[in-house]
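Undergrad: What follows is the residue order along each chain.
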Amino acid sequence: MKRRLPLLPAIVLIVFAFFGIAGQYVMPHDPNAMSLWDAYKPPFWQAEGTLTYPLGTDQMGRDILSRIVGGASISMQVGFVVVVVAGSIGAIMALLAGYLGGWVDVVIMRVVDVFLSMPTMLIAIVLAAVLGPSKNNLILVLIVVGWSGYTRVLRSEVLRIKKGEFINLAIVAGSSKLRIMLVHVLPNMVNTLIVVATLQLGLVIITEATLSFIGVGVPPPDPAWGSMLADGRAYISSAWWLAFWPGLAILLVVMSFNFLGDWLRMRLDPRFRQV
Amino acid sequence: MKRYILKRVVQGIITLVGVSIVVFLLIHLNGDPVALLLPAEATPEAHAALRKELRLDEPLYVQYGIFLLNALQGDFGTSLRWNRPALEVFAERFPNTVLLASAAMAWSLLIGVTMGVMSAVHEGNWIDRIARIVATVGQATPVFWLGIMLILLFSVKLGWFPTSGIGGPQHLVLPSLTLGLAFAAGTMRLTRSTMLDVLDRDYIKLARIKGVPEHQVIVRHALLNALIPVFTVAAMDFVVLMSGTVITEYIFNWPGVGGLVAESIFARDYSTIQTTLLVLSIVIVVTNVIVDIVYTYIDPRIELE
Amino acid sequence: MKLPSMKSWRSIAGSTLMLTMVVGAANAAEGEVTVAFQGTSWVARGVDTATVTSGNGAIINNISGDSLVTKNANAEVIPSMAERWVWAPDGKSVEFFLRKGITFQNGEAFTAEDVKFSIERVQREDFKNNYGAFELRNLYEGTDIIDDHHVRIRFKSPYPAFTDRLFEYFKMQPKDYIEEVGDEAYARNPVGAGPFRVVDFKQDSWIEYEAWEGHFRNPPKVKKLRLVFVPEPATIVAMLKTGEADIASVDPQMVRDIKADSNLRLITSDNTILAQLSFADVAPANAGNNSPFHNKKVREAVSYAIDREAISQISLQGLARPFKGILAPWHAGYDPVFSTPDKYDPARAKVMLSEAGYADGFETEIQAYGPGPWWEIAKAVKGYLDAVGIRTKLQLIDNSVHAERCHGLWKGTYALTGLIVSEAWWNARAHPVTPIHGQLTKQAQWSCGVTSDEVDAAIRKTNDIPIDSPELPAAAQEMQRTIYDAWVRVDVVAGKFAMAAGPRIESYENVQGLVFPANFENLSLKAE
Numbered sequence: 001m002k003r004r005l006p007l008l009p010a011i012v013l014i015v016f017a018f019f020g021i022a023g024q025y026v027m028p029h030d031p032n033a034m035s036l037w038d039a040y041k042p043p044f045w046q047a048e049g050t051l052t053y054p055l056g057t058d059q060m061g062r063d064i065l066s067r068i069v070g071g072a073s074i075s076m077q078v079g080f081v082v083v084v085v086a087g088s089i090g091a092i093m094a095l096l097a098g099y100l101g102g103w104v105d106v107v108i109m110r111v112v113d114v115f116l117s118m119p120t121m122l123i124a125i126v127l128a129a130v131l132g133p134s135k136n137n138l139i140l141v142l143i144v145v146g147w148s149g150y151t152r153v154l155r156s157e158v159l160r161i162k163k164g165e166f167i168n169l170a171i172v173a174g175s176s177k178l179r180i181m182l183v184h185v186l187p188n189m190v191n192t193l194i195v196v197a198t199l200q201l202g203l204v205i206i207t208e209a210t211l212s213f214i215g216v217g218v219p220p221p222d223p224a225w226g227s228m229l230a231d232g233r234a235y236i237s238s239a240w241w242l243a244f245w246p247g248l249a250i251l252l253v254v255m256s257f258n259f260l261g262d263w264l265r266m267r268l269d270p271r272f273r274q275v
Numbered sequence: 001m002k003r004y005i006l007k008r009v010v011q012g013i014i015t016l017v018g019v020s021i022v023v024f025l026l027i028h029l030n031g032d033p034v035a036l037l038l039p040a041e042a043t044p045e046a047h048a049a050l051r052k053e054l055r056l057d058e059p060l061y062v063q064y065g066i067f068l069l070n071a072l073q074g075d076f077g078t079s080l081r082w083n084r085p086a087l088e089v090f091a092e093r094f095p096n097t098v099l100l101a102s103a104a105m106a107w108s109l110l111i112g113v114t115m116g117v118m119s120a121v122h123e124g125n126w127i128d129r130i131a132r133i134v135a136t137v138g139q140a141t142p143v144f145w146l147g148i149m150l151i152l153l154f155s156v157k158l159g160w161f162p163t164s165g166i167g168g169p170q171h172l173v174l175p176s177l178t179l180g181l182a183f184a185a186g187t188m189r190l191t192r193s194t195m196l197d198v199l200d201r202d203y204i205k206l207a208r209i210k211g212v213p214e215h216q217v218i219v220r221h222a223l224l225n226a227l228i229p230v231f232t233v234a235a236m237d238f239v240v241l242m243s244g245t246v247i248t249e250y251i252f253n254w255p256g257v258g259g260l261v262a263e264s265i266f267a268r269d270y271s272t273i274q275t276t277l278l279v280l281s282i283v284i285v286v287t288n289v290i291v292d293i294v295y296t297y298i299d300p301r302i303e304l305e
Numbered sequence: 001m002k003l004p005s006m007k008s009w010r011s012i013a014g015s016t017l018m019l020t021m022v023v024g025a026a027n028a029a030e031g032e033v034t035v036a037f038q039g040t041s042w043v044a045r046g047v048d049t050a051t052v053t054s055g056n057g058a059i060i061n062n063i064s065g066d067s068l069v070t071k072n073a074n075a076e077v078i079p080s081m082a083e084r085w086v087w088a089p090d091g092k093s094v095e096f097f098l099r100k101g102i103t104f105q106n107g108e109a110f111t112a113e114d115v116k117f118s119i120e121r122v123q124r125e126d127f128k129n130n131y132g133a134f135e136l137r138n139l140y141e142g143t144d145i146i147d148d149h150h151v152r153i154r155f156k157s158p159y160p161a162f163t164d165r166l167f168e169y170f171k172m173q174p175k176d177y178i179e180e181v182g183d184e185a186y187a188r189n190p191v192g193a194g195p196f197r198v199v200d201f202k203q204d205s206w207i208e209y210e211a212w213e214g215h216f217r218n219p220p221k222v223k224k225l226r227l228v229f230v231p232e233p234a235t236i237v238a239m240l241k242t243g244e245a246d247i248a249s250v251d252p253q254m255v256r257d258i259k260a261d262s263n264l265r266l267i268t269s270d271n272t273i274l275a276q277l278s279f280a281d282v283a284p285a286n287a288g289n290n291s292p293f294h295n296k297k298v299r300e301a302v303s304y305a306i307d308r309e310a311i312s313q314i315s316l317q318g319l320a321r322p323f324k325g326i327l328a329p330w331h332a333g334y335d336p337v338f339s340t341p342d343k344y345d346p347a348r349a350k351v352m353l354s355e356a357g358y359a360d361g362f363e364t365e366i367q368a369y370g371p372g373p374w375w376e377i378a379k380a381v382k383g384y385l386d387a388v389g390i391r392t393k394l395q396l397i398d399n400s401v402h403a404e405r406c407h408g409l410w411k412g413t414y415a416l417t418g419l420i421v422s423e424a425w426w427n428a429r430a431h432p433v434t435p436i437h438g439q440l441t442k443q444a445q446w447s448c449g450v451t452s453d454e455v456d457a458a459i460r461k462t463n464d465i466p467i468d469s470p471e472l473p474a475a476a477q478e479m480q481r482t483i484y485d486a487w488v489r490v491d492v493v494a495g496k497f498a499m500a501a502g503p504r505i506e507s508y509e510n511v512q513g514l515v516f517p518a519n520f521e522n523l524s525l526k527a528e
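Chains as they are written, first to last, in this note's numbering: chain A, 1 to 275; chain B, 1 to 305; chain C, 1 to 528.
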């Protein structure tokens with residue numbers, strides 16, 4: 001199997017990451033600036049389109065290109081914060097459960113079971129509704145429903161690492177448990193963590209879109225791709241561009257993360273390296 | 001074996017207790033649940049009465065105990081919106097969700113396994129690539145969008161199936177396909193990798209050397225073996241599917257429990273929400289335990305991990 | 001009293017004949033029609049019209065239910081199960097003379113006992129009927145049965161909206177039947193007095209009706225009516241396109257896609273609803289806070305900051321027009337001079353803000369309940385206010401949450417500040433006070449407490465003047481002026497109610513002034 005870096009996905013992600021970081025300097029308009037009389041302008045190549053709004057305007061006369069660029073920042077923020085925090089919590093729990101074993105393992109894994117046994121999407125919706133829609137609450141919700149998945153995957157990884165010869169050597173050399181966990185086990189988990197996290201990023205973006213559809217995601221007028229897509233669904237036959245661009249952005253980014261995740265798995269995960 | 005089963009059942013019970021704690025806390029997150037459980041224009045007397053009934057002046061763990069005791073007796077509270085037992089409201093709709101999830105699972109297996117096998121047999125060439133790209137597109141499309149697109153294509157453009165509602169089998173096609181496609185991608189990936197694994201085994205090579213026709217090798221020798229893990233994961237997926245129906249039910253106006261939660265949130269019918277979450281979790285836990293136990297019979301190596 | 005058309009005359013005469021002769025109608029109802037409605041069901045128990053849980057329940061009430069009065073296409077209250085009625089001079093009681101010889105759908109004779117029973121049953125606390133019944137509970141004193149076909153209904157204070165509410169919420173129900181079978185069985189097998197009878201239903205999903213050809217007033221033109229509740233607007237548009245729905249309720253966001261399809265047409269009616277921005281900080285509970293909205297000039301500035309024409313044409317897709325005022329054109333005291341909306345003039349708004357000491361603007365909140373047009377209005381208003389420096393945080397919440405907060409502010413238990421997007425229905429055309437009585441008086445739960453002493457007094461004074469009094473127009477104008485000067489709210493637009501009809505519908509007309517459809521018996525299908 002080829003292990004070439006998937007070039008196209010990498011470029012897509014770099015472009016959107018650039019939008020996410022420096023978007024405010026490249027966007028032609030304020031993404032939240034409304035101009036009702038300019039609403040529903042089509043993309044520039046269509047009869048009534050203009051280059052002022054290259055991808056057209058939405059139902060409130062806002063520039064769609066600027067909103068896509070601005071949305072990159074929100075999606076990336078939500079995605080990265082959720083994956084980093086949920087991944088860290090998940091990894092720490094896995095480390096404690098897998099390495100220490102015993103009652104710590106039992107307790108942690110029962111808690112993980114509880115979270116994995118609940119209807120995730122419903123819990124997310126209820127939690128978001130109880131907390132009220134805001135970007136921070138959205139991040140919190142996604143972390144709450146997301147961390148346990150990491151622990152389940154990473155715990156078996158810890159168990160595998162624990163059996164390694166170098167761990168025995170460290171024990172013989174008199175290293176403390178904490179030291180072994182941090183210095184020897186943790187670095188060996190990182191590869192798997194990165195693979196899982198990359199694949200999760202796409203999932204987080206999709207979940208964010210779904211919560212926005214129900215109305216418990218990022219509140220308006222902030223440009224989130226999910227709510228843009230959800231708002232655009234009412235105009236599919238009269239103004240397709242409202243839903244098309246955010247839909248395309250979601251598709252490109254999620255696909256790119258998935259391809260990148262697959263590639264990383266091939267590169268980093270030792271079990272796959274042997275195949 | 002008996003010990004393992006016993007252990008798994010005990011674990012299941014512990015998990016259920018944990019789930020009930022989380023659901024209980026969810027409703028108590030905002031402090032006073034009376035505001036959530038009563039209508040806006042309820043009188044102060046009604047507030048006081050419910051507060052007394054729920055014994056809200058007691059410490060939280062006592063309240064939880066009462067909640068658990070009631071639940072064990074089948075009392076999940078009264079639906080604010082319907083003014084009748086929340087469990088009854090749930091039970092009315094649950095069969096619809098099971099039906100939808102089952103049909104979706106059938107689609108997921110049909111499409112996922114077919115594509116997975118095609119992809120594995122043609123590993124590395126264009127069929128494999130297209131199949132994998134299609135699966136990735138499927139994973140990258142939000143369910144609500146997929147649902148609307150399917151309605152536009154199959155109902156509005158082609159006129160093959162009704163847009164929404166519940167009724168004959170024709171009503172089931174689009175919602176179950178929407179939900180099934182979302183899971184088909186995972187099934188496809190899994191089938192592909194297990195197929196590749198099996199196709200690499202010696203007995204397959206032997207069968208080929210002996211001149212067994214290729215389609216027989218693939219279907220009879222390889223596929224049947226590859227399907228065991230696929231079906232196991234499918235059983236696990238089934239419960240995920242059942243809780244993932246909320247958007248599909250909403251778009252297609254399918255009267256199931258997912259839609260019930262969406263509606264109940266807007267109506268602030270927290271008793272119904274609590275009941276739905278709790279009962280669904282029970283179903284998930286019980287299913288998982290059963291799958292685990294059944295699996296040890298199919299594949300004894302898994303035991304006592 | 002104006003009558004709608006010769007056609008109705010004929011059907012009234014025809015059905016009276018039919019009742020006496022008990023024969024099948026010559027032009028029997030034909031065909032099936034499916035009506036799609038956005039949302040879920042509005043009835044708590046089966047199809048028991050006494051248990052509707054939202055304003056939308058008025059739709060269901062008017063399909064299988066009938067009442068003492070009804071409305072014609074111009075929204076005038078006209079006799080139905082009562083032949084006539086007489087208000088007491090003090091407005092605190094009304095006598096109804098019931099039509100003789102009419103029955104419920106099960107053949108049970110309609111008498112004064114049924115009136116008393118129905119008016120009291122709808123008030124039952126356990127029925128979740130929080131709309132019309134809430135108002136009635138506060139005002140109801142008792143019903144006297146004078147004889148089998150003559151009743152007097154008494155109120156604690158003048159209740160001019162009562163006849164409108166009869167039409168919307170208080171439907172006649174058969175006493176003997178309900179007492180015999182009980183509430184549960186009645187909800188499953190409901191019997192009303194309306195033009196359609198319930199054949200079958202699935203809670204939350206659909207209700208199937210059949211024409212009741214024995215209806216004395218107006219037997220339907222279609223044989224079967226199917227009412228389907230659909231939560232997702234995009235699905236409703238698809239249903240109209242495929243013909244699964246023949247006619248459907250329309251949200252502003254659906255208008256463009258409906259107009260883009262030549263098979264579909266919009267049926268609108270004007271003067272249905274009024275959208276305003278209420279200043280929560282005016283409520284007594286907020287007297288102590290330091291919100292800039294305590295300054296009347298700041299409140300006035302809000303009015304000049306918003307472009308009502310753009311909100312009407314773009315945000316609401318033409319389903320509204322710029323408006324200022326309280327009274328609909330048919331109300332006593334309506335004066336077009338008072339109904340000229342403030343001009344969009346952001347520069348003037350900015351000047352007013354700086355004169356008030358807020359040259360740099362300030363921060364506040366807008367709360368709107370929805371989903372639907374109110375969210376669209378709120379989003380646009382936010383854009384306009386941001387542009388003049390009033391930086392707003394948008395809170396889009398559900399109706400029920402809004403009700404809770406509004407009620408909390410009214411009672412002083414919830415700190416709600418800033419602007420609230422609110423609505424007033426113009427459906428009640430009888431008395432000019434009706435649309436605002438629930439909105440701007442201190443006792444009214446929907447006011448959120450947003451009113452002033454002068455406004456409260458002016459409304460109450462007008463409320464006590466009977467409908468036919470010559471003093472009413474002047475009092476209504478005076479009331480309007482008082483509300484203007486108080487600036488407790490800013491009017492935005494007057495909304496229209498829209499339905500979309502597919503190719504099979506020959507004729508259908510909304511009732512003027514109503515935000516719900518109420519005359520499916522008049523709907524007719526094209527010949528196949």
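Some clues are possibly wrong.
[To be verified] In silico DSSO-like pairs for lysine-lysine, Cα to Cα no more than 30 Å straight-line:
(1) LYS296/C to LYS411/C
(2) LYS296/C to LYS259/C
(3) LYS393/C to LYS297/C
(4) LYS7/B to LYS163/A
(5) LYS157/B to LYS202/C
(6) LYS202/C to LYS156/C
(7) LYS163/A to LYS177/A
(8) LYS259/C to LYS92/C
(9) LYS442/C to LYS393/C
(10) LYS157/B to LYS259/C
(11) LYS116/C to LYS100/C
(12) LYS442/C to LYS461/C
(13) LYS223/C to LYS296/C
(14) LYS224/C to LYS202/C
(15) LYS157/B to LYS224/C
(16) LYS157/B to LYS343/C
(17) LYS116/C to LYS156/C
(18) LYS223/C to LYS526/C
(19) LYS92/C to LYS442/C
(20) LYS461/C to LYS393/C
(21) LYS156/C to LYS175/C
(22) LYS324/C to LYS411/C
(23) LYS297/C to LYS324/C
(24) LYS162/A to LYS7/B
(25) LYS393/C to LYS135/A
(26) LYS157/B to LYS163/A
Calculated directly from the structure, the hints in this document are not laboratory data. Computed from a predicted model, the values in this text were never measured in an experiment.
Undergrad: Now tell me, hint by hint, if it's right for this structure.
TA: Evaluated hints:
no.: 1; hint: LYS296/C to LYS411/C; in the structure: 24 Å, holds
no.: 2; hint: LYS296/C to LYS259/C; in the structure: 42 Å, violated
no.: 3; hint: LYS393/C to LYS297/C; in the structure: 21 Å, holds
no.: 4; hint: LYS7/B to LYS163/A; in the structure: 25 Å, holds
no.: 5; hint: LYS157/B to LYS202/C; in the structure: 29 Å, holds
no.: 6; hint: LYS202/C to LYS156/C; in the structure: 39 Å, violated
no.: 7; hint: LYS163/A to LYS177/A; in the structure: 15 Å, holds
no.: 8; hint: LYS259/C to LYS92/C; in the structure: 48 Å, violated
no.: 9; hint: LYS442/C to LYS393/C; in the structure: 27 Å, holds
no.: 10; hint: LYS157/B to LYS259/C; in the structure: 18 Å, holds
no.: 11; hint: LYS116/C to LYS100/C; in the structure: 16 Å, holds
no.: 12; hint: LYS442/C to LYS461/C; in the structure: 13 Å, holds
no.: 13; hint: LYS223/C to LYS296/C; in the structure: 57 Å, violated
no.: 14; hint: LYS224/C to LYS202/C; in the structure: 16 Å, holds
no.: 15; hint: LYS157/B to LYS224/C; in the structure: 27 Å, holds
no.: 16; hint: LYS157/B to LYS343/C; in the structure: 45 Å, violated
no.: 17; hint: LYS116/C to LYS156/C; in the structure: 16 Å, holds
no.: 18; hint: LYS223/C to LYS526/C; in the structure: 13 Å, holds
no.: 19; hint: LYS92/C to LYS442/C; in the structure: 20 Å, holds
no.: 20; hint: LYS461/C to LYS393/C; in the structure: 37 Å, violated
no.: 21; hint: LYS156/C to LYS175/C; in the structure: 25 Å, holds
no.: 22; hint: LYS324/C to LYS411/C; in the structure: 29 Å, holds
no.: 23; hint: LYS297/C to LYS324/C; in the structure: 17 Å, holds
no.: 24; hint: LYS162/A to LYS7/B; in the structure: 25 Å, holds
no.: 25; hint: LYS393/C to LYS135/A; in the structure: 13 Å, holds
no.: 26; hint: LYS157/B to LYS163/A; in the structure: 59 Å, violated
The structure shown violates the earlier hints numbered 2, 6, 8, 13, 16, 20, 26.
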